[in-house]
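Participant: Sequence:
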Amino acid sequence: MIGFLRQITLLTAATTAFTMAEGYTQADRILDMQKMAQAMQDIQSGFFYNNVDIVKAGTKVLKDTIVNVRPIDAEVNNKDIYEKWLNNDLKMTRKIQKKIKNKATDIEERFSDGDAVQALQAYSKIAGQCMKCHVRLRKW
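In my numbering, the protein residues as written are 2 to 141.
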């Protein structure tokens with residue numbers, strides 16, 4: 002009997018902890034987008050000032066932040082199958098994240114090696130990936 006009560010108590014505590022834990026919200030997504038926009042501005046400033054440290058700092062923030070971006074809980078938990086399908090394209094999101102991380106690394110390497118033109122092209126491709134996500138998933 003005591004074991005049963007312990008199990009019920011443990012189950013109740015686990016359920017409470019699970020429901021109280023916040024997932025990824027719209028506010029989280031907005032904050033991540035602001036961080037990435039600032040990172041892109043920092044990278045661009047690094048190009049204009051010919052400062053590799055600014056470029057590296059910007060790419061680090063970009064790579065660290067892009068991994069957080071995903072559909073918000075409201076989109077994931079949406080009951081309308083069609084809306085859920087439209088808003089929850091994880092495969093495309095992951096593909097874009099991978100491309101952005103790779104191009105950010107490319108920017109660091111090429112700018113450090115003195116190839117600013119190729120670094121700028123990689124920067125432009127990152128901006129293109131950002132817009133691709135915003136147009137297809139965010140309906141801009």
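These are computed hints drawn from the structure, not numbers from a lab.
Keep in mind that a hint or two might mislead.
[Claimed, not checked] 25 Å max Cα-Cα, derived SDA-like pairs, lysine to any residue: (1) Lys96 - Asp107; (2) Lys100 - Arg71; (3) Lys64 - Gln119; (4) Lys36 - Gly129; (5) Lys100 - Ser113; (6) Lys36 - Lys61; (7) Lys133 - Gln122; (8) Lys99 - Asp65; (9) Lys96 - Asn51; (10) Lys100 - Lys80; (11) Lys133 - Asp54; (12) Lys102 - Asp81; (13) Lys64 - Asp90; (14) Lys61 - Pro72; (15) Lys57 - Asp43; (16) Lys100 - Gln39; (17) Lys92 - Val62; (18) Lys100 - Ser125; (19) Lys64 - Arg111; (20) Lys99 - Arg71; (21) Lys99 - Val136; (22) Lys36 - Lys80; (23) Lys133 - Tyr50; (24) Lys99 - Phe48; (25) Lys61 - Gly129; (26) Lys126 - Gln42; (27) Lys126 - Thr66; (28) Lys36 - Lys133; (29) Lys36 - Lys99; (30) Lys102 - Arg137; (31) Lys96 - Cys131; (32) Lys100 - Ser46; (33) Lys36 - Glu76; (34) Lys99 - Asp81; (35) Lys57 - Ala38.
[Claimed, not checked] Between beta-carbon pairs, the in silico distance windows are: (36) His135 - Gly24: 20 to 30 Å; (37) Met93 - Gly24: 17 to 27 Å; (38) Asn103 - Asp81: 29 to 39 Å; (39) Gly24 - Tyr50: 34 to 44 Å; (40) Lys80 - Ala38: 42 to 52 Å.
Note that CB positions come from ideal geometry on N, CA and C, so glycine has one too.
Participant: Between Lys36 and Lys80, does the CA-CA distance stay at or below 25 Å?
Facilitator: Roughly 31 Å between the alpha carbons, so the hint for Lys36 and Lys80 is violated.
Participant: Would the pair Lys100 and Lys80 pass a check requiring their Cα atoms to be no farther apart than 25 Å?
Facilitator: Given that 25 Å is the threshold and the Cα spacing comes to 31 Å, the pair is violated.
Participant: With the threshold set at 25 Å, check whether the alpha-carbon distance from Lys126 to Thr66 stays at or below it.
Facilitator: holds (18 Å)
Participant: Measure nothing beyond the straight line between the CA atoms of Lys57 and Asp43; if it is 25 Å or shorter, mark the hint as holding.
Facilitator: Distance ~9 Å between Lys57 and Asp43 Cα, so the pair holds.
Participant: Within a Cα-Cα threshold of 25 Å, do Lys64 and Arg111 meet the stated pairing?
Facilitator: Answer holds: Lys64 to Arg111 is near 16 Å, not above 25 Å.
Participant: Does the structure keep Lys99 and Asp65 at a Cα separation of 25 Å or less?
Facilitator: holds (12 Å)
Participant: For the pair supplied as a hint, Lys133 and Gln122, confirm whether the alpha-carbon distance does not exceed 25 Å.
Facilitator: Roughly 16 Å separates the two Cα atoms, so the pair holds.
Participant: Taking 25 Å as the top limit, are the C-alpha atoms of Lys96 and Asn51 close enough?
Facilitator: Status violated; Cα separation ~30 Å.
Participant: Is it true that the CA of Lys36 sits at most 25 Å from the CA of Gly129?
Facilitator: The hint holds at about 17 Å.
Participant: Check whether the Cα positions of Lys100 and Ser113 lie no farther apart than 25 Å.
Facilitator: Answer holds: Lys100 to Ser113 is near 20 Å, not above 25 Å.
Participant: Lys99 and Arg71: Cα distance at most 25 Å?
Facilitator: Holds - the C-alpha atoms of Arg71 and Lys99 are around 13 Å apart, at most 25 Å.
Participant: Regarding the pair Lys36 and Lys99, is the alpha-carbon distance no greater than 25 Å?
Facilitator: Given that 25 Å is the threshold and the Cα spacing comes to 18 Å, the pair holds.
Checked against the numbered hints given earlier, the structure breaks hints 9, 10, 11, 12, 22, 23, 34 and 40 and satisfies all the rest.
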